[in-house]
Amino acid sequence: MTPAFPYVKLPGSYHGFFRQASLWEGADHILLVSGSRFSEEYRRFYYRDIQALLVEKRPRAGSPGWWIILSILLIIATISTGQNDPPYSWVGLAVLSLILLIRLDLTFRRSCRCSIQTAVSREVLPSLIRRRNAENAINRLHTRIIAEQGELPDEIPFSESEEDVASLVVPPAPDSPSASQVLAEAAALERRRLAARGINLAILTCFLLLLNSVFTLWFSSEPRPVLGRWPLWFGYLFIAAELVSVFLSLQSLTGLKALKGLRAFLITIIVLCVLRTLMGLTLTQTQMVLARAYSAYFGAMFNRYYVNTNAGIQFALAAVGLILIFTTWDSYRRGEISAH
Amino acid sequence: MEGEATCFEHAGKRAVAVCNKCGRFLCALCEVEVAGQIWCPSCLVSRNTGGPIQALENRRTLFDSIALALAVLPALFVYPAILTGPAVFYLAIRYWKRPSSIIPRSKWRFVVALLFASAELGMFALVIFAFFQLRSSSGTVQK
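As they're listed, the protein sequences go chains A and B. Residues in the first sequence are numbered consecutively from 1089, following the numbering used here. Residues in the second sequence are numbered consecutively from 28, following the numbering used here.
Don't read these hints as lab results, they were simulated from the structure. No residue lacks a Cβ here, since even glycine has one placed at the ideal position from N, Cα and C. Mixed in with the good hints, there may be bad ones.
Claimed, not checked - Here are the simulated distance ranges between beta carbons:
1. A:R1131 x B:P113: 18 to 26 Å
2. A:Q1205 x B:L103: 39 to 47 Å
3. B:P113 x A:F1126: 17 to 25 Å
4. A:F1106 x B:A38: 51 to 59 Å
Unchecked claim - What the simulated footprint calls covered on chain B by chain A, stretch by stretch (three residues with Cβ under 8 Å from a Cβ of chain A suffice, anywhere in the stretch; the number is not a length):
5. 31-44
6. 103-109
7. 134-140
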C-alpha cells in the first residue's frame, strides 16, 4: 500500500520554458521544488527554523518564454489583421492585446519577491511572484509556524503605506555605526527598486518601438498616394506612449552610475521621437502639396521611403535597447548599481 | 555511568535514544532525527531503510520528461528519431517503476513518449520496407 502523500500544495507556482518551481506544505516543513524540465531539486525549510517570511513589492515579469510567445503572436496577429480586412481578424488582435495588458498589470502592479529568512540564510521562493499568491501562502504558513514556535510577544501590525511603516520604525541614534549601516542599506534598497522600475520601463519602451515598427510596416504594405489619417494618429499615439515611458524610466534611473549607457540610449529615443514627429508633420504638409501638384506616383514613393526608414529606425532602436538592457541584466539583478 | 546504558559508539557517554532501525543505544551526539524517527549514523550511511530516504533527498532526475522530450523533439527533424526511438523505449522500460518526483506525478509522459516512439519507429520500418520492395520490383523489371 502506498503511503498518503504528505504534502499539500501552497498557492503560486512558476512554469517557465526551462525552469519551474512550486511550494508544498508538509507536517513540519515547507518543501520548495525547483529545477529544470528534466530534474528537480528539493529544499526543506522547517517551521521551527523560519525567522521571517519577506515579501518585497517589485515588478516581476515571470517566464521570458511566455513573453516571447505573446510578442510573436501579437506581431503575427497585427500583420494578419493588416493583410485581411474582415472584422473578425481584429478579434484575435484584441484578445492578445488584452492578455498583454493583463500581463503588464500583473508584472508592474501585482508582483513581488518572497524570501524565507532563517538563522543562516535567506532563500528566495521562486514560485511566489504574485502578491495575492504570496499573501495566501503566508496566511496558511502563519498558523503552522505559530503552532511550532508559539505566538510572537507583540503582534506586529500589518501596514500597506510607507508612512505607516516609517512611523513604526524608531529612528536610530545618528552617531551609532549601526544606524549609518541601516541607512546605507535602505538607500541601496531604494536604488535597486528605482533601477528595477527604470529598467522595466525601458524594456516596455523597446517593446513599444517594436510594435510601432510592425504597425508602420503594416500601413506601408499598400501603396497610398498620401498617408491616411489613422496611420498618422497611430504613429503619434505610439510616439506619445514611448515618450511617457522614456520620461518615467529616466526619472527612476537618475543618478545611477552603472546605468549611464541606458540613460544615454533613452535620451536618444527622446531626440528621435521629436525628429520623427517633426518629419511626420512636415511630410503630411508636403504630401498635401505634392498630391495636388504632382502625380500620385511621387507621393506614394515618398511615402514608402519615409515609412520604411521610420520602421527601420524604430526596429534598430528597439534591438539596441534590448541588447543594452540584457547585457547589464546580470549586474542589475545582483544589485551592483551604485549612485554617481 | 555505572549501571546506566551507554552509547554504542561512545562508551563513555550516556545513551539517550534507541535507533529505530537497528536498536542500538545512542548518545545525544549520535542520534539523528529523520522523518520523525531516530536513526544511528551507521543506518543512515548504509541506508538500512528499505529504500531511499525521501526526507533526505534533494534531487531527482525526471526520466519521464527526458523520454517525452526524446520522443517529441527529434520528430521535428525526422532522422534523429531512428536513434532516439529505441532510447525512449529503454528509458520507459528501465525507469517505469522508479518514483520520478516527490510531488504527485502520473505516468502519462511515459505513455505519450512510448506512443510517439512507436509511431516514429513504425514509420521508419514502413519506409525501409517500401524501399526494399521498390528495389526488388525494379530489379525484376530490369531482368
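A quick look at each hint next to the structure:
no.: 1; hint: A:R1131 x B:P113: 18 to 26 Å; verdict: violated (36 Å)
no.: 2; hint: A:Q1205 x B:L103: 39 to 47 Å; verdict: holds (45 Å)
no.: 3; hint: B:P113 x A:F1126: 17 to 25 Å; verdict: holds (19 Å)
no.: 4; hint: A:F1106 x B:A38: 51 to 59 Å; verdict: holds (54 Å)
no.: 5; hint: 31-44; verdict: violated (count 0)
no.: 6; hint: 103-109; verdict: violated (count 0)
no.: 7; hint: 134-140; verdict: violated (count 0)
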